[in-house]
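Asker: In case you want the letters, here they are:
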Amino acid sequence: MSDIVKIITGVGVTKRFGGMTAVNNVDFELRRGEILGLIGPNGAGKTTLFNCISAFYRADEGIITYNGNQINRMSPDKICRLGIARTFQAAKNFPDMSVRENVRMGALFGQVGITYDEADRLTDEIMEFAGLDKYAHLNVPDMPLALQKRLEVARALATKPGVLMIDEVMAGLNPTEVGEAMELVGKIRASGVAILMIEHVMKAIMAICDRIIVLHHGELIAEGAPDHVANDPQVIEVYLGEEA
Amino acid sequence: MTVFLLVLINGCIVGSTYALMAMGMSTQYGVARILNIAHGEFIVLAAVVTYALQQSGLGLHPLFALVLACPIVFAISYILHITLYRRLRRLSPNLGVFEGNAILVSFGIYYIAQNLLQTYMGAAPKRYPFMMTSVNIGGAGISAAGLFVMLIAIVICVLYTIFLSRTRLGKSIRAASQDSQAAAHLGVKINSIMALCFAIGGILAACAGVLMSMREQFQSTSGLGYTTIAIIIVVLGGLGSVKGAILGGFILGIVGYTVSHFIDSVFMISVFYMIILVLLIVRPKGLLGR
Amino acid sequence: MGLRLLKDAFWGAAPSRIQSAIIAAAIVVMAFIPGVADTYTPLFLSWIMTYCVLSISWSFFSGKAGYISLATASFYGIGMYLQAILGRQLPLWTTMILAAVMAFAVGLIIGVVTLRLRGIYFTIFTFGLSLFLNRFMNWYEGAFTRTKGRMVKPYDNDTVFYALLVVFAITLIAVIILNRSRFGLSLKCIGQNEDSAQHLGVRTTMTKVLAFAITAAPVGAVGAVMSTKIGYIDPNTAFGLNTSFFPVLMAIFGGMSSTYGPIIGAVVFYALQDYLLRVTNWHMIIFGAVMVVVIMLLPNGVFGVVDTILRKRRSAGGGAEASHQP
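Residue numbers (our numbering), protein chains in the order written: chain A, 1 to 244; chain Z, 1001 to 1290; chain P, 2001 to 2326.
Keep in mind the hints are simulated off the structure, nothing from the lab. Mixed in with the good hints, there may be bad ones.
[Unchecked claim] Keeping only pairs whose Cα atoms sit at most 20 angstroms apart, straight-line, the calculated EDC-like set for lysine to aspartate or glutamate is:
id, chain 1, residue 1, chain 2, residue 2
1, A, K78, P, E2194
2, A, K92, P, D2158
3, A, K92, P, E2194
4, P, K2007, A, D117
[As the list claims (entries may be wrong)] So the derived list for chain A, only partly shown, Cβ under 10 angstroms to chain P, looks like this:
id, residue
5, F56
6, T87
7, F88
8, A156
[To be verified] Computed beta-carbon distance windows for the label pairs:
id, chain 1, residue 1, chain 2, residue 2, range
9, Z, R1090, A, V112, 14 to 22 angstroms
10, A, G18, Z, K1171, 19 to 27 angstroms
11, Z, S1265, A, S75, 41 to 49 angstroms
12, P, L2086, Z, G1289, 53 to 61 angstroms
13, P, G2149, A, Q89, 56 to 64 angstroms
14, P, V2101, Z, E1216, 36 to 44 angstroms
15, A, V112, P, R2278, 51 to 59 angstroms
16, P, I2085, Z, Q1055, 26 to 34 angstroms
Even for Gly, the Cβ is constructed at its ideal location relative to N, Cα and C.
Based on the sequences and whatever the hints tell you, model everything.
Answerer: Structure, rendered in structure tokens:
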């Protein structure tokens, strides 16, 4: 057990909105080099948990650490510079900048002390890595959804993160595009970045995740390898219940 | 004790008209997301209508001016919304940009309205005689006109709150102010509700103008002052909260009267500004804001 | 190390040589104008430069970051009062610097309080600030100095012209450099999508506050200079609302996406205002109408329209052009 390195850990993470508890006392960990899937029905609190880690929200209770340091009192920009990058469910690109400029912003601001030249080099590298170099000068709002989402990932990647958090990057894509997105996620993991991903496309998440955690009504109900989670009676009930 | 009573009652009198002004602005912002800088000009317009009716020698009670002023302001506001703001909203990429642009457009309208008023009524202050007696309450001499104004203003506030909570239209307005997208799903015709709310805000401005003219003088340039006070109250009470506007109106009425009674009335706005500056640090959502 | 970081934040790629040459030439040419033109021209140009500084400053912060500031009149008025109070004892360049510092300090305070919040609050508070200062000075003058306004020691047109030329040149060059720097880019990111910007590591609050305060400084300085031309100031002239609105209008008209848009807007609008004032009493009504029309029809300004057309053409040109670019 001792050779497992935990990069992010959360203990008792709780977030309330008024009277509603969106995330309730959740414990989790993200290990080095893994892809951790975060699933659950709509309104289960997945994105809220994401937001607590990236400090978009401040968790009401609990402790979140990154490489052993507590991060849930820090600002989002500081967390990003520390090495946790994220994407948003609805792609939040910079509409008045070119694709390349979008990625360059990640490179320029994501790390402390990077020079303009280094940032430019990193930008080109990431553009190629994410397969965006062909589209460098496209107008962002005119791009198809799959490319917008890919840009969102590329921009986060340009901040040179240790952990990348991806929020529903495959939703709304056609099967070919899902395949391409899965390939990209695999490449990112291979480059040494640990990944935490929210996803509704079950086929994708079962295929590429090392482990999966399941949220329901803000609580953690299952955790483990994909096939273990898929056979968990409680998980099956939750998902069947949603369909019924 | 007498001074305390004097300040309290007069403060409430001032506050009751403030509440009306702010309620109108709050309704406009809450649903249509327009912070209407020309709000004060509609207040002045209603006051001018009242003044003109009084000068006409028909011998009508000034309250009768409501019948004339409300439809006029309603119509102007409604037309402004469907011709300008609706289009502006369609053009703006997101709500934040729309809110910014809407303020600027309303400033343009303010310039136009203010100068038209000035051309029509000149720069001299206007006042007509109305209930010139005073009533003795616990030793404090309170103007009868003031008490009458407060009574009517409170009645309007109560009626409007009932309208919002009891009627079908009022409920859709509240739904729309909470979440316009959710309301659209519920079948609220969001475009017409927005135009209607903007116009209802205008009606409340007209009521404030008619009542205000009964107890104090006004001039063509008074509008911006009313707008400023309304904005401050709306921020104080919580952007878009109608109850907050009423509460904030009375609070600022009392504070404002205290300041002008003991220090100087020009200092009033400065004190208001300090209050919301402090509030912003302590409780950015306003007193009753969500 | 600290110095390097500082340089890195504020100094981006230098402007191209052609651009630098054109700007330098324009400034040198302008420096010779008082020698050859009549006495009216320098004053006319002084006003144009004043509005240029106001609208360039406004669009650097508000145009980029998307927070509409209506505080221009406050900083301008602070400069005017500083000049009125200290102008008799101190030379003009000292009061200009003091005015800039003072405006910067006030901008910093207001920024710290209001820019933590997003959305419309900032606009409301900056709008309130000039009214606050107006009423406060009214009260102060009435209660303590028992006057309405103050006389300002006059300077001749040429001195005023050169003082403004200096401020104008510094502002323009600073904005051109800052636009390409990390600082300017982070403002741009904030304006495009603040959440995204923050999650990419942009120190959003600090950037906003600093940018707001920095752009207040030149406004304070021109306020100090122009007060000497007006000669007599009171709270209403110093903190007049128009001073807050004209730069917004000029920047929107000219277009904020380009450095030169606000300048074009300032020149056109000042000329228009100058003309309307002479021919009609309805100039404010016309102005209001122009304001509405500009915002309704030119959301990106005159420059924005050109820019959009160019970009459309570039996208339509397709991958061929895109692919051979580095």
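Asker: Failing hints, ascending?
Answerer: Hints 2, 9, 12 and 16 are the ones this structure does not satisfy, whereas the remaining hints hold.
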